[in-house]
Each structure stands twice: as structure tokens, then as C-alpha cells.
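Protein chains in written order, with the numbering used here: chain L, 38 to 301; chain Z, 52 to 268.
Derived from the structure by calculation, the hints contain no laboratory data. Being a predicted model, the structure only gives us computed values, none of them experimental. C-beta atoms are modelled at their ideal positions from N, C-alpha and C, and glycine is treated no differently. A portion of the hints provided could be inaccurate.
[Claimed, not checked] To spell it out: a stretch of chain L is covered by chain Z in this simulated footprint if at least three of its residues, at any positions, have a beta carbon under 8 Å from a beta carbon of chain Z; those stretches are: (1) 75 to 84; (2) 212 to 226.
[Claimed, not checked] Distance condition first, Cα-Cα at most 25 Å in a straight line; then the derived SDA-like pairs of lysine to any residue: (3) Z:LYS155 to L:TRP86; (4) L:LYS214 to L:ASP131; (5) Z:LYS237 to Z:ARG248; (6) Z:LYS226 to L:VAL135; (7) L:LYS214 to L:ILE114; (8) Z:LYS226 to L:ILE114; (9) Z:LYS155 to Z:LEU205; (10) Z:LYS155 to L:VAL135.
[To be verified] Only some residues are given here: those of chain Z computed to face chain L with a beta carbon under 10 Å: (11) ALA115; (12) ASP173; (13) GLY182; (14) ALA189; (15) ALA229; (16) TYR233.
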Amino acid sequence: MALRLAVAGVLFAGGAGLLVSARAGLALLRPLGGAVLVVAAVVVLLGPWWLRIARDLVLERRARVRAEERADIAARIHDSVLQTLALIQRRAGDPHTVVQLARMQERELRSWLFEGKAPHEADADVTLAAGVRRIQQDVEARYGVAVEAVTVGDCEAGESLDALLAAAREAAVNAAKWSGAEVISLFAEVEPGEVSVVVRDRGRGFDPEAVPADRKGLAESVRGRMARRGGTAAVCSAPGEGAKVTLSMPRAGTSSRADTASRA
Amino acid sequence: MNVPRVVLVDDHGLFRSGVRAELGRQVEVVGEAEDVQPAIAVIEATTPDVVLLDVHLPSGGGQAVVQAVRAGHPQVRFLALSASDAPEDVIAVIRAGARGYVTKTIATADLADAIRRVAAGDAVFSHRLAGFVLDAFAAAPAPGAARPSFDPELDQLTGREREVLRLIAQGCTYKEIARELYISVKTVESHVSSVLRKLQLSTRHQLTRWAAERRLA
Numbered sequence: 038m039a040l041r042l043a044v045a046g047v048l049f050a051g052g053a054g055l056l057v058s059a060r061a062g063l064a065l066l067r068p069l070g071g072a073v074l075v076v077a078a079v080v081v082l083l084g085p086w087w088l089r090i091a092r093d094l095v096l097e098r099r100a101r102v103r104a105e106e107r108a109d110i111a112a113r114i115h116d117s118v119l120q121t122l123a124l125i126q127r128r129a130g131d132p133h134t135v136v137q138l139a140r141m142q143e144r145e146l147r148s149w150l151f152e153g154k155a156p157h158e159a160d161a162d163v164t165l166a167a168g169v170r171r172i173q174q175d176v177e178a179r180y181g182v183a184v185e186a187v188t189v190g191d192c193e194a195g196e197s198l199d200a201l202l203a204a205a206r207e208a209a210v211n212a213a214k215w216s217g218a219e220v221i222s223l224f225a226e227v228e229p230g231e232v233s234v235v236v237r238d239r240g241r242g243f244d245p246e247a248v249p250a251d252r253k254g255l256a257e258s259v260r261g262r263m264a265r266r267g268g269t270a271a272v273c274s275a276p277g278e279g280a281k282v283t284l285s286m287p288r289a290g291t292s293s294r295a296d297t298a299s300r301a
Numbered sequence: 052m053n054v055p056r057v058v059l060v061d062d063h064g065l066f067r068s069g070v071r072a073e074l075g076r077q078v079e080v081v082g083e084a085e086d087v088q089p090a091i092a093v094i095e096a097t098t099p100d101v102v103l104l105d106v107h108l109p110s111g112g113g114q115a116v117v118q119a120v121r122a123g124h125p126q127v128r129f130l131a132l133s134a135s136d137a138p139e140d141v142i143a144v145i146r147a148g149a150r151g152y153v154t155k156t157i158a159t160a161d162l163a164d165a166i167r168r169v170a171a172g173d174a175v176f177s178h179r180l181a182g183f184v185l186d187a188f189a190a191a192p193a194p195g196a197a198r199p200s201f202d203p204e205l206d207q208l209t210g211r212e213r214e215v216l217r218l219i220a221q222g223c224t225y226k227e228i229a230r231e232l233y234i235s236v237k238t239v240e241s242h243v244s245s246v247l248r249k250l251q252l253s254t255r256h257q258l259t260r261w262a263a264e265r266r267l268a
């Protein structure tokens, strides 16, 4: 401290002296040199103090960010996990509901932890994987049937992909409503030339030929929708055999993210 | 067939007792452990047929157990089990030598079946792992871009293997797959084993990168 004071004093005295004793000839250089020395004196004197202030500021900001994060996590956990746990306690007598609640909560927590998505956050269907995930969540929430979804590769959404997803949703809803199966499987795969979705259940099955013509679901919402975009839909089922709906849509120059195996 | 002798390795005591109770007499639980070191000790002392191994243990990944035991006891088989489904963990434990992977939400009957299969030397993939594998092997190497380490024998799936994996990913049983592809269950099993071998031996660069990049829940 004493040393610093001494150095600052010498620098200041030198600089002030130069400034005061300005003479012609070196007149232009001297004030400049003086100013530099004065500034140096100030820096030597006050520098460490500034540094400390700056450091404190950074630490404080970091602590605040951490506190905010913690509060945010606490809020999320409260909104989701704690609420669900409370619901589960109240519905302990109804195993079906409890399982359903636990499953929905698990999905929500996973999507928040691993995909950084806030619960209930609008999940814009910008990619196939996001669309499949949304079908899974909606069908599980609305019909209480487990949906096991697997997506291989991913690609950007487009008109034909929207049609594919809409058809897949219809097929999944059909399976959830009519098949009686407890699990529906939803499998989507992006290949270089086409995107396909398979919706499968091990439920009671039906005879595709015997579906009344006025039942719009399969004919219009699935087959028609696919055909209009140049895709195909194949329904394979028999009474007692479960059902399998295979949808495939050719890809028209959409950029694939399958080749880079990037995350869904 | 004899009842498989099983060691349970999981850090949650509740989960262990749950599995023990559910599996009942379908397996004989000869030991339990809650962490890497105790697990290695129990496995070496009991040499079970199958180790049901949690991917996440307090002092590290389950692969440490597989690596430590495999050399001395090649006959002990590992079935990995996890709640998280994080592909990098699953791939790590499979590549360390586990014969299969299932999620903790698996139905009891399916778990018992998976244990029997692994005990018999087969491979067991959950529908999700099948999806991972398809994804990891999906990117066909760009023509002409084959790296010196690229081995088509190990680094690519055959068309049949892809078909089998697709059906597993759709939740089909081996029996259903056999019927759908007009092949025998034994053939399905051999396709899955061959995929497992590729998964374990492939030096494919993408596999590691892919697993690291992807964090599906």
C-alpha cells in the first residue's frame, strides 16, 4: 500500500511538474507526457479497488443467476411434479388414473430435463419428431392409452409432412378409441427418399373391407389425406389380430437431418 | 429350462426389492448390490447367469461393472436396465459388453422373458434401443467418403437387420416379427445378435458422435 502510494506520488509529481513547466520547443510533447503520468498515477492508486468492485459485481451477478435458476426450477417442479404427486395421493384408489398421471408427468419432466422444453410450452411441429411427440402426448392425455413412440432420423416440416402427421394422428386416435389395446406403437422413420410412419396396436382388430362407407376416419382422414399429397396408406388388420397402418410420403427436396444424425 | 440365477445391481433398494418380488420364482436372485465395487464382488462370488445392471450407479456407469467382470467371467451375461433412456449411457454399456437393454418400465413378464433370452445367449433390445440403433446406423456413408477404418461388414446394417429392428421399434415380439417377415424365430434372434455384435465392435465414428449428440428422453 505504501509502495503504491509512493509510486503514485512520484508519477503524479512528475506529471504535474511537466505540465506546469511547459516551455516552447517541447511545448507540444510535454503536456501530453504529463497527462499520461497523471493518468498512470490515478490507475496505480485506484486500479486495485476498481478491479475488486468489478470482481464483486461478477460474483454477485452469478449468484443472482443461480438464485433465479433455483427459483425457476422450484416453480416448475411445483407446477408439475408436486401437483401431480398431490393428485396421485388423492386418487390412490384408482390405479388406472395414477398410472396415467405418473406417465404424463414423466414425459413432461423428461422433455423439460432433456430437451429443454417447458411444460405446456407450445410445441410447434417444426420437425417430424416434434410432431410425433405431440401425437403421443395428446393421445395419451385424451384417451389414457400408452403410446410408445420411436423416431428414426428427423426432417423439417412441410405441407406433405403435415398431412402425414395428421393422418398418423387420426390412425393413432382410431387405435386408441376402438382397438381396446393398452399400448399403441408409433414408429416414424426418415429415409432419403421418403418418410414413413407405422401405427400399430395389438387390439381387437377389424376387417378393413367391412368398414362402413360412411365412417370417415380411415377413408378420408387417413387415405384421402395421404393420397392428395402423393403418399400412400396401407391398412393391415383382421379381427383379433390387431391393426397396422403404414403411411409413407415421398420427400420432395426437404432438407434431411437424418444424414447428420442430429438430435430430434 | 433351469431357472436363471440372477444378480440385481441397482442403487435403489426399493427397485431391487420390487423386481425381486415381481419376478418371484421365474428367476433365482442369488445376490444384490448397490454400487460398482460391491457388484463386482457379488458377481465374482456367485457367478450368476445374468446380471440385471442399472446403467447409472452412484460411483459411475454400469459399464465399469461389465468391464471389470467380463475378462475373468465371460459366461456371466449382462442385461442393462435404465430409467433414463439416454442413448450415450445405453450405447456405452452395450459396447462394454451387455447383451441387451430394457427400460425400467418394462412389464414383469417381458422382463422375465428378457432375462431368459439373455441367459440363453440371445440379445434383447427394447423398442427404443432398436430406434437408437437404426438412427445411429442410418446415415449411409457418403460415396467415396469411406474412412480407412470403415468396415462395411461391421459398420452397416443389412436390409434384413434393418427390417427386424424396425419391427422391434414398433413393439413387435420376436414371434410376430418372424411371422411378418416369413422367417423363423431363430433367424430373428440371429439377426438381433448380429446387430448387437456390430454395435459392440463397429469403430464407426458416427456411433459415438451420434450418441454424444443425441439426448432423447
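Hint consistency between L:LYS214 and L:ASP131 [alpha-carbon to alpha-carbon, up to 25 Å]: holds (21 Å)
For the hint on Z:GLY182, does the least C-beta distance to chain L fall short of 10 Å? holds (3 Å)
For the hint on Z:ALA229, does the least C-beta distance to chain L fall short of 10 Å? Violated - the Cβ of Z:ALA229 stays beyond 10 Å from chain L, reaching only about 15 Å at its closest.
Mind taking a look at whether chain Z covers the stretch 75 to 84 of chain L? Criterion is 3 or more residues with CB to CB distance under 8 Å. n = 0 at 8 Å, threshold three: violated.
Hint validity - Z:ALA115 Cβ closer than 10 Å to any chain L Cβ: violated (23 Å)
Less than 10 Å between beta-carbons is the criterion; does Z:TYR233 satisfy it with respect to chain L? violated (15 Å)
Given pair status - Z:ARG248, Z:LYS237, alpha carbons within 25 Å: It holds: about 16 Å lies between the C-alpha atoms, which stays within 25 Å.
Holds or violated: is the Cβ of Z:ASP173 closer than 10 Å to a Cβ in chain L? violated (21 Å)
Hinted pair, alpha-carbon criterion (25 Å max): L:LYS214, L:ILE114. Please report holds or violated. With a Cα-Cα distance of about 32 Å, the restraint between L:LYS214 and L:ILE114 is violated, given a limit of 25 Å.
Between Z:LYS155 and L:TRP86, is the straight-line Cα distance small enough, at 25 Å or below? violated (57 Å)
Under the criterion that the straight-line Cα-Cα distance not exceed 25 Å, is the pair Z:LYS226, L:ILE114 satisfied? violated (42 Å)
Within a Cα-Cα threshold of 25 Å, do Z:LYS226 and L:VAL135 meet the stated pairing? At roughly 32 Å apart (the allowed maximum being 25 Å), L:VAL135 and Z:LYS226 break the hint.
In this structure, the earlier hints numbered 1, 3, 6, 7, 8, 9, 11, 12, 15, 16 are contradicted, and the remaining ones agree with it.
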